[in-house]
Amino acid sequence: MRVFSGQRAWLLQRVSVLLVLVLLAVGGLRLLFWPAPSYEDWRSFASSAHGAVLIVLFFGAVALHAWVGARDVVLDYLQHRAVRFAVLLLVATMLVAVTLRVLFVLGGQIA
Amino acid sequence: MKLRIYRFDPDTDSRPRMQDFDVQPGPTDRMLLDLLMRVRQVDDSVSFRRSCREGVCGSDAMNINGRNGLACIQPLASLKEPVVLRPLPGFPVVRDLIVDMTQFFAHYHSVRPWLINDQPPPERERLQSPADREALDGLYECILCACCSGFCPSYWWNPDKFVGPAGLLQAYRFIADSRDTATAERLDFLDDVYRLYRCRTIMNCTEVCPKGLSPSHAIERIRRTMVERSS
Amino acid sequence: MTRQRDTAPKFLNLFEIRFPVGAIASIGHRISGVLLILALPLAAQALERSLHSEAEFRALLAMRASPWASIATAVVAWAIAHHLLAGIRHLLMDLGVGHRLAAARASAWFVNVAALAVAIAILAAGLWSGGAR
Numbered sequence: 001m002r003v004f005s006g007q008r009a010w011l012l013q014r015v016s017v018l019l020v021l022v023l024l025a026v027g028g029l030r031l032l033f034w035p036a037p038s039y040e041d042w043r044s045f046a047s048s049a050h051g052a053v054l055i056v057l058f059f060g061a062v063a064l065h066a067w068v069g070a071r072d073v074v075l076d077y078l079q080h081r082a083v084r085f086a087v088l089l090l091v092a093t094m095l096v097a098v099t100l101r102v103l104f105v106l107g108g109q110i111a
Numbered sequence: 001m002k003l004r005i006y007r008f009d010p011d012t013d014s015r016p017r018m019q020d021f022d023v024q025p026g027p028t029d030r031m032l033l034d035l036l037m038r039v040r041q042v043d044d045s046v047s048f049r050r051s052c053r054e055g056v057c058g059s060d061a062m063n064i065n066g067r068n069g070l071a072c073i074q075p076l077a078s079l080k081e082p083v084v085l086r087p088l089p090g091f092p093v094v095r096d097l098i099v100d101m102t103q104f105f106a107h108y109h110s111v112r113p114w115l116i117n118d119q120p121p122p123e124r125e126r127l128q129s130p131a132d133r134e135a136l137d138g139l140y141e142c143i144l145c146a147c148c149s150g151f152c153p154s155y156w157w158n159p160d161k162f163v164g165p166a167g168l169l170q171a172y173r174f175i176a177d178s179r180d181t182a183t184a185e186r187l188d189f190l191d192d193v194y195r196l197y198r199c200r201t202i203m204n205c206t207e208v209c210p211k212g213l214s215p216s217h218a219i220e221r222i223r224r225t226m227v228e229r230s231s
Numbered sequence: 001m002t003r004q005r006d007t008a009p010k011f012l013n014l015f016e017i018r019f020p021v022g023a024i025a026s027i028g029h030r031i032s033g034v035l036l037i038l039a040l041p042l043a044a045q046a047l048e049r050s051l052h053s054e055a056e057f058r059a060l061l062a063m064r065a066s067p068w069a070s071i072a073t074a075v076v077a078w079a080i081a082h083h084l085l086a087g088i089r090h091l092l093m094d095l096g097v098g099h100r101l102a103a104a105r106a107s108a109w110f111v112n113v114a115a116l117a118v119a120i121a122i123l124a125a126g127l128w129s130g131g132a133r
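Protein chains in written order, with my numbering: chain A, 1 to 111; chain B, 1 to 231; chain C, 1 to 133.
I should point out that these hints are in silico values taken from the structure, not numbers from a laboratory.
Hints are supplied without guarantee of correctness; some may be wrong.
Claimed, not checked - Incomplete in silico selection of chain A near chain B, CB under 10 angstroms:
1. S5
2. A9
3. W10
4. D76
5. Q79
6. H80
7. V83
To be verified - Over the 10 angstroms line for every Cβ pair with chain B, so calculated as not near, a few chain A residues:
8. G6
9. L11
10. S16
11. L32
12. I55
13. A61
14. V91
15. A92
16. T93
17. L103
Beta carbons are placed, not taken as given, at the ideal position from N, Cα and C, and that holds for glycine.
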């Protein structure tokens, strides 16, 4: 997969995690200054446009980061082409499914 | 002193085994290599490479009590008994402590470890400022002993495709050389999910380098140079 | 000679190799990463449940008191803590911070110990609140 050449994948892994860290920091700061969100707080956040976007961005960035990481683990330990392909396909499917699920859940909240 | 040495004779053994020895060090023996030479007086079939006996040729790299090192500069006083000696991890064993270095040197050659500059040569030398020359410190001193690559888990899992810390350090030695003009091609060659990017910065290499070099840092510098080039 | 190289033995017994502290941090980073990938579908499910009803929201926050749930929560906490700390260590090294051996060893020790401390603290909190019932 030329599109995931060495440097590109490595940069994607770093950039996606920076986004994750920023979002975690934002979430962490919020919990620090306004502790213990109530159920209504949480629901209104997830139903708002900006809240939903932040949550989707978080899961999306995690999924991309996880993909590069999983690929590295597979490339290290699995030499057999067919096995490798099967495992990577499984991981990719799971990551896409998780992201889609989050999108649907939040889309349902906003609607 | 007690030793436990990895033995394998390809002509007679189907599997490797460990053999125990107990030899008295001589009055002037200081290093592990001295003791190994005395082991050969007891059993001259014990095989290992050695040459300079002063830590510059890189021949006697081996796994000493679980960590890679050069036998000739490993002080006896630093060793817990029994001293367990095994060949470099991950390398095919030729005999006893002698390993096949073919793959290792193939990776070294693959990075084109020579100066590439097609400009007509100047009358005397290609000038370098002291700062330019300093950029080569910590890189040119590599003796290709393979202690680093033999301790790198990424190299263990993919010795045929990952260039390994030694090869990559040498690659950076030429990328960093102000007189070399092939930087772009060198980086293009390394920009590959296997060749360079199997490195996970575990830093086992730097932990065991007997010359105190840091292949992990050289690899980070290659990645940085790649990013700078693409931006 | 080629035939011999194919059948030649290799020394690769990981139990006989003495790994430095950085290698421990690194394998922990990998194991925690794999655990987190496996936990990702659960995280998506937790998101859905937390929005579904107030009761489910509270239940998730309460870290249900059974010892098994406490252990599972502690393991996930360890995975997040170790992966996060080891990852930040990597990012700093990318920038050239702490790449020298002494600093790298110190930061690896810190990562290993801090992540375990987080896990133990969360396990203790979970078991203690369970026992108090």
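Hint numbers not upheld by this structure, sorted from lowest to highest: 6, 7, 8, 9
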